[in-house]
Amino acid sequence: MTKLYTRTGDHGETALYGGTRISKDDLRVSCYGTIDELNSMIGVAYSLIKNKEIKKILNTIQNNLFLLAAEIASDKNGLEKLREVVDNSEILYLEEIIDKFQKRVGDINGFTIPGKNTSSSILHVARTITRRAERLTVKLSKQITIRSTVIKYLNRLSDLLYILAIIEAKSQVIDKIKDKVIKRINSRFDKNLLNLEIAKKMARGAENKAREIGVAIVFSVVDSGGNLLLLHRMNNTMLASIDISINKAYTAVALRIPTNEVMSLVQPGKELYGIQNTDNRIITFGGGFPLKLNGEIIGGIGISGGTVEQDVEIGLESIKVFELEKGG
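Mapping the sequence shown onto full-length UniProt numbering, position 276 (from 1) lands on 276, and the numbers just tick up by one.
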């Protein structure tokens, strides 16, 4: 295996492609070193950007930057051995992309302040590194022969990175809006999970648990608006349990918490003090539970007929059924 280190540069010198050795503080090293820095920064942007069109462009640029760096890092003998260099067609490629994207964003007036998001900001950093690489290369061209195409490419590249940064910033704003819309649409579809079929399955789960512990219950399911979806009544239940069951489910949805948590909130001096007296529907003891999907309340259940502890136990069993359905 070839070792990564050679020790030939331990005294501050490096070899150009072709064999010539120069000092590491030589302007030529600064030029191709800055292009290498630029390539790495574009790589950071590539890793953050999701837009496939922009990623493809950046990948093409990275390959061309390798060619530019290799050319600057070559002496006369090395230049003769290079198999490929950046030519005018690559500059035309950049110009075509700039023109296409400029039509999308329209006229750009005033300064563009970087910082809209991470990926566009990284592209702005890459643009400034390109400018530095261009300045160094122009300076180097006064000492050695540099093809004009190299300088032209760097000049055009900084313009392209500028427009890409603007496009990326706008793209992320659009993506965020799309995500919000999709989330709302999905949320509406998610609410369809709480239908009569699922409510009946929860009722069966509640009844099975009630029979297991030897109590007769009334089981209610309401939708996200507190409207009754299902009323399931076992034999020999008290008449009062009907309203209590429905109101437990209503309370869980209205206050967005299990009803066993309500009592502590309606005490004198607490934020919900007196709410239980407003419409005679708020229940302050256990047996009512909100049903959540993706963090949103899509309905609630209420159980009445046993002790508070029994109602809670039965309710938790019913929620297990809901969780299984949600997971499936």
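Treat the hints with care, as some may be off.
As the list claims (entries may be wrong) - List time: in silico DSSO-like cross-link candidates among lysine-lysine, alpha-carbon distance up to 30 Å:
no.	residue 1	residue 2
1	Lys320	Lys292
2	Lys116	Lys100
3	Lys52	Lys3
4	Lys103	Lys56
5	Lys55	Lys152
6	Lys52	Lys103
7	Lys326	Lys201
8	Lys100	Lys55
9	Lys81	Lys50
10	Lys170	Lys50
11	Lys170	Lys55
12	Lys142	Lys76
13	Lys50	Lys76
14	Lys152	Lys81
Keep in mind the hints are simulated off the structure, nothing from the lab.
Tested hints:
no.: 1; hint: Lys320 - Lys292; result: 12 Å, holds
no.: 2; hint: Lys116 - Lys100; result: 22 Å, holds
no.: 3; hint: Lys52 - Lys3; result: 36 Å, violated
no.: 4; hint: Lys103 - Lys56; result: 19 Å, holds
no.: 5; hint: Lys55 - Lys152; result: 22 Å, holds
no.: 6; hint: Lys52 - Lys103; result: 19 Å, holds
no.: 7; hint: Lys326 - Lys201; result: 12 Å, holds
no.: 8; hint: Lys100 - Lys55; result: 16 Å, holds
no.: 9; hint: Lys81 - Lys50; result: 38 Å, violated
no.: 10; hint: Lys170 - Lys50; result: 13 Å, holds
no.: 11; hint: Lys170 - Lys55; result: 16 Å, holds
no.: 12; hint: Lys142 - Lys76; result: 17 Å, holds
no.: 13; hint: Lys50 - Lys76; result: 41 Å, violated
no.: 14; hint: Lys152 - Lys81; result: 23 Å, holds
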